[in-house]
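*Asks:* Residue numbers (my numbering), protein chains in the order written: chain A, 42 to 636; chain B, 42 to 636.
It is worth saying that the hints were derived from the structure and are not from the lab. Mixed in with the good hints there might be a few duds.
Said to hold, decoys possible - Derived BS3-like pairs: lysine-lysine, alpha-carbon spacing no greater than 30 Å straight-line:
{"no.": "1", "chain 1": "A", "residue 1": "K545", "chain 2": "A", "residue 2": "K530"}
{"no.": "2", "chain 1": "B", "residue 1": "K138", "chain 2": "B", "residue 2": "K192"}
{"no.": "3", "chain 1": "B", "residue 1": "K530", "chain 2": "A", "residue 2": "K545"}
{"no.": "4", "chain 1": "B", "residue 1": "K530", "chain 2": "B", "residue 2": "K545"}
{"no.": "5", "chain 1": "A", "residue 1": "K192", "chain 2": "A", "residue 2": "K138"}
{"no.": "6", "chain 1": "B", "residue 1": "K192", "chain 2": "A", "residue 2": "K530"}
Protein chains: 2
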Amino acid sequence: MMYRAPLRDLSFVLHRLLEEQPLAQCPAHAEYSAELADSVLSESARFAEGVLEPINRSGDAEGAHWSEQGVRAARGFREAYRQFIEGGWPQLRAPAKIGGQGMPLILATAVQETWASANLAFKLCPMLTYGAIHALEITGAPDLKARFLPKMVSGEWTGTMVLTEPQAGSDLALIRTRAVPQGGDLAADEFRLFGQKIFITWGEHDLTENIIHLVLARIDGAPEGVRGISLFLVPKVLVGSDGRLGARNDVRCVSIEHKLGIHASPTCVMAFGEREGATGYLVGEANRGLEYMFIMMNAARLAVGLQGYAVAERAFQQAAEYARGRLQGRSSAGGKGAAPIIQHPDVKRMLLEMKAGTEAMRALTLYAAWQLDLAESHSDPAVRARSQALGDLLIPIVKGWCTEFGVELASTGIQVHGGTGFIEETGAAQWLRDVRITAIYEGTTGIQANDLLGRKLLRDQGAAMMGLLSQIEQELAAGGPEPARSLLKEAHAAVGLLREATAKLLALGAGEADRALAVAVPYLMMCGFVLGGWLMARAAKLVSADAAPAAQQFEAAKLASARAYLLQLLPRALAYARIVAGAADGIAGVDATLI
Amino acid sequence: MMYRAPLRDLSFVLHRLLEEQPLAQCPAHAEYSAELADSVLSESARFAEGVLEPINRSGDAEGAHWSEQGVRAARGFREAYRQFIEGGWPQLRAPAKIGGQGMPLILATAVQETWASANLAFKLCPMLTYGAIHALEITGAPDLKARFLPKMVSGEWTGTMVLTEPQAGSDLALIRTRAVPQGGDLAADEFRLFGQKIFITWGEHDLTENIIHLVLARIDGAPEGVRGISLFLVPKVLVGSDGRLGARNDVRCVSIEHKLGIHASPTCVMAFGEREGATGYLVGEANRGLEYMFIMMNAARLAVGLQGYAVAERAFQQAAEYARGRLQGRSSAGGKGAAPIIQHPDVKRMLLEMKAGTEAMRALTLYAAWQLDLAESHSDPAVRARSQALGDLLIPIVKGWCTEFGVELASTGIQVHGGTGFIEETGAAQWLRDVRITAIYEGTTGIQANDLLGRKLLRDQGAAMMGLLSQIEQELAAGGPEPARSLLKEAHAAVGLLREATAKLLALGAGEADRALAVAVPYLMMCGFVLGGWLMARAAKLVSADAAPAAQQFEAAKLASARAYLLQLLPRALAYARIVAGAADGIAGVDATLI
């Protein structure tokens, strides 16, 4: 089936649910408007539906091709990337001062959803480029930026994040790649790198003539552990001070992985310095690499969170279309002959979970993006500070919850198809295969929960979280018109549970860290389901108050999915609350030899 | 990593948790003993570990091969099947009177777990053969049985279940395959069949020289719907009255499917009657085909349920081994350098969920099998009747819960591996790909829930279920020694919730069926988690009372997984209870056009 970007819901979330207009009060976004956003979204939908969608299945079947000469992307990807550049998409988010359009993150997030739904493998390439641009822009020296940034912003060159080594995954302290100082054309900032890196997304390809790697490595003699890791810019092809391409750098893709999904996205094993050493330029100060990498990582984590629900959206669309056309069994509504299975209660249940879950994840992710926009650009420093704390708090929740739940919903999409879903040609299985990685890369859910607990809750003793919950409770306690009223109550009760669970986690965290860490993922999932419930209840309130006749179909559907969310999905908060309250000792106290 | 059959836990469940000794009081199982069972299990473990396991990965990578000449199994499968016959495994369960060993279902279930863990694709072939033997033995005419059964029992020929057609999946009323009466060597029982069937597992292969298809078709002039469907035996190669193989029948495998998983199990599109019609023999009476098929189906549903946890067991073993060897991050326990990730609380949490969940599913499945043994063979008709009702009640729960939860746990296994889990060579992804179908074939979870609600709850107004719950409550209320006491309380409280949910579902079912059907899957899942909690609490009680020093490691581990089950997994019952209580209207009442 064909993907159709959910423009109506995106528009609803941006302009009504979140009322993102205050953005226009940010000097950087003075020209932002709902009309502008909708027009950008229409264009991105056109690109996603018309260019990315047609090469999705073929890209999955074909995959990327490795040879000694390099990696060749699957058929159609070069042409799609060319159109991507022509459409000006790489510039969307980059600030105006480096040649970008400087659009707010909330809009960029909505745009990226459409790409991720249409073709997750393709979408990863610009995502990583943007992360590299962002880190370089903030931390790079002026001459480094002058030489590399313009062609990255234009999309003529792509960027990568080069972190993982076989022995160093979640634990980057174990990185061994070496950097040896050289006197070169960027003087003291030039190094030779030696080491092998793995899991490098789009680390090598033929979409562009150059690839700019941002690489974590250890300068000889640097301190052990994470405080001895520096960030280097290592181009695939060396670039002269005049900007011209020179010789190939000593960087090579040794192989690409054979993966469960995202087949068209080459996941590369990269060798740096097999000969004389890969020329690399120090980015920012020595030994601050991990800190810089987190700049990229935070943006990337939000962008991976959206992948979770973007794929769920796609899976939902396909499952709903199948269920409308597949005739099996009698409907209770009567009628002659077999009924479309969408009329069967259990199929409705599954589709409503998919639809409601996806809408809630979209709402929460865009809310987080909006807070990060305010944090970056609002004129009032107090707003900036508050929004930053809120955005930082929400990033691990968005990343963890949307990807874990996205995996579940993609699997539900297969279930709706019955046996047909297990056949690869149907396409339903690809969504599960593709989305599975999102709960792993850019930090597993466990790592997100770790971040949520350690950096976002314990550090401020729950101030940001409790502040958010108070604000939500106030909103929900205000009630609303029927039929939203009872839904607002459900959401309100769940927020109360989350407040208790937060207090419990803070108490656990005040003692042995392990006990809090043992239930940090269930807590994170609870945050996602409860905050999603808040926004779905808000949506129900909005559409309940509404009487615009032209919009009735959308609004009735939104009410149905809000109800489904609050009655079918939100009850999971009860289970998570109990786990947070009671399971920590049983987990943390178990001797690993008994497992 | 290598699979190791969990003989210790199987033995614990069979001989201590369930105390299956009363089986020896069944005349048919007079010779059954724990020693016999353990020795059979050791042999099956040897076969699973030594023969099936080594061809699992290669079978996944290679798949089965289709050509005009037929289907060739993946490398090693013919040889493994030969050893399977030599080992006498096909006879394990078949009654002595037809040349089998007549072992009880509980033992056959434990044995099959080891095959399914080692190689799910292989295990499907004998499973379907056994289903065909069982249906034929009960319903076939003596001359039909004499001609076909012996070589099926010996394993020289395999059997299939041929139900699905493109337009008839869950809804078998829509079957169109035609059967035209002929006067042939089995006189009035000979027919010619015409039609196309899909999703036929091991429908064609080169492991044996003949394949016996049991096919649903409609005799010309039969009533419409399910009451006009008959069952036919259609051999791949015709068999003379002397038992000799004759000409090829008019049956052909047109193609095999390209699937998400179980690649080495050919899923065939079968054409019957492309020329003169496929010769088929009526099995039992005309128009009772669906009823007969349910004989096969019920046995198959239990056998698919066990697949769910068998794959989860395999995924657990692999994830635990990885977690013991993978060094990342510091352990809170201190120590120099990176720690095995199994020491990190969130990894412990995941592994405990996998281990505890698998053990609970194993216990419940074996309990159900044991009830079905008593139902078949006990000397007391009252015990037979009660056990039959209980077994029937549990079949859809075992099938639905163990497969859905098995899918989740296989996905958790990937998560434990981090990025490595997404790489196919690691093998962790295969478990998810393979197990995904178990929640679909032999009736989706929705179909199981439908069966549970309609045939198992509403038909007796909850008598069997409420009876089971009362018996469980009595057992749990009796309490036990510490540290089991608090776990017994948790289980007891959850059983109370299940009693309420059952009453709620019965009330819903008394009104519009759609409202009850809308929450039937959440109810089924709740049954699984709560009944699993009962058996895990019982296990905790047993090992708490125990002081056998030699067994300490196993018993301490069992206590840890019981605690993990009751504190980490059982809380889901709270969510399901709320959904059953409150979500029905929101689902059933939604207009499908709003989805």
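*Asks:* Taking the hints in turn, state whether each one holds.
*Replies:* Structure-based check of all given hints:
1. A:K545 / A:K530: holds (23 Å)
2. B:K138 / B:K192: holds (14 Å)
3. B:K530 / A:K545: holds (22 Å)
4. B:K530 / B:K545: With Cα atoms ~23 Å apart, K530 of chain B and K545 of chain B stay inside 30 Å; holds.
5. A:K192 / A:K138: holds (14 Å)
6. B:K192 / A:K530: violated (65 Å)
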